[in-house]
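In order, the protein sequence lines correspond to chains C and Y. For the first sequence, our numbering assigns the number 1 to the initial residue and increments by one for each residue that follows. For the second sequence, our numbering assigns the number 1 to the initial residue and increments by one for each residue that follows.
Hints were generated in silico from the structure; no laboratory data involved. There may be inaccurate statements among the hints.
Intra- or inter-copy, both count: the list cannot distinguish identical chains.
[As the list claims (entries may be wrong)] Simulated crosslink set (BS3-like; lysine-lysine; CA at most 25 Å straight-line): (1) Lys40 with Lys25; (2) Lys44 with Lys14; (3) Lys22 with Lys100; (4) Lys14 with Lys98.
Only a predicted model underlies this, so the values are computations on that prediction, with no experimental measurement involved.
Protein chains: 2
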Amino acid sequence: MELKDSNWSELEKKVAKSALDKSRKRESAALIEMVRNRAKEITKLDDLWYLHDFLSARRYDLDGKYDEEGLGFIFVLAGLVKDSWLDSADLEGLETDKLKKIKALTLM
Amino acid sequence: MELKDSNWSELEKKVAKSALDKSRKRESAALIEMVRNRAKEITKLDDLWYLHDFLSARRYDLDGKYDEEGLGFIFVLAGLVKDSWLDSADLEGLETDKLKKIKALTLM
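Throw the hints in and build the complete structure from the sequences for me.
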């Protein structure tokens, strides 16, 4: 299976970038909501450092996750579909071959 | 000025440890309150990473700040008085010479 991002039409690149953008916004909003809720329950310093560790991990994850330059659109999009930040409707406009690759990766 | 922790009576050590404990609790409570309030205002990812950076800095600071083994009681207590986490009432029981040293350090 060839996973490299060769032969992406301009439309497909636009679809992929737009899907990434949507996903980033959804994931950021969910994270912010979670932190706002967790913060309400902080009563001791250990809770605060737990939140700090959690943010360190999420920041590291998010910083790398949307880096389509590094991983290639197929991998990035597949990861986001797997984690339910994107669904097939968000990928409309990609050619069948790419959708199949994305689907295959989400099943791994 | 001799700042080493020589010649501390058992009572004085107890006073110093109790003052440190009070200060740590006050400072932790203030920090938790601040984070809970800041968290309410987070609306975007940048705000979240700002909070993360802030927590990294405060954690580093707090981890070292109450380390009486490393710095000696006089320095630690002086720092906390300077930052208004302790006042003279919290240091009652220390001998005059130590109180003078603490006072002198808070003015530096």
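Worksheet item: Can you tell me if Lys40 and Lys25 fall within 25 Å by alpha carbon in one copy, between copies, both or neither?
Response: Close inside one copy (23 Å) and across copies (19 Å); limit 25 Å.
Practice prompt. Since the copies are identical, ignore which copy is meant and state whether Lys22 and Lys100 lie within 25 Å (CA to CA) inside a copy, between copies, both or neither.
Written response: Within one copy, since 21 Å is at most 25 Å while 62 Å is not.
Practice prompt. Could you place Lys44 and Lys14 in one of the four classes (within, between, both, neither) given a Cα distance threshold of 25 Å?
Written response: between (46 Å within a copy, 24 Å between copies)
Item to complete: Pop the pair Lys14 and Lys98 into one bin, within, between, both or neither, using alpha-carbon distances up to 25 Å.
Response: Classified as within: same-chain Cα gap 14 Å, cross-chain 70 Å, threshold 25 Å.
Checked against the numbered hints given earlier, the structure satisfies every one of them.
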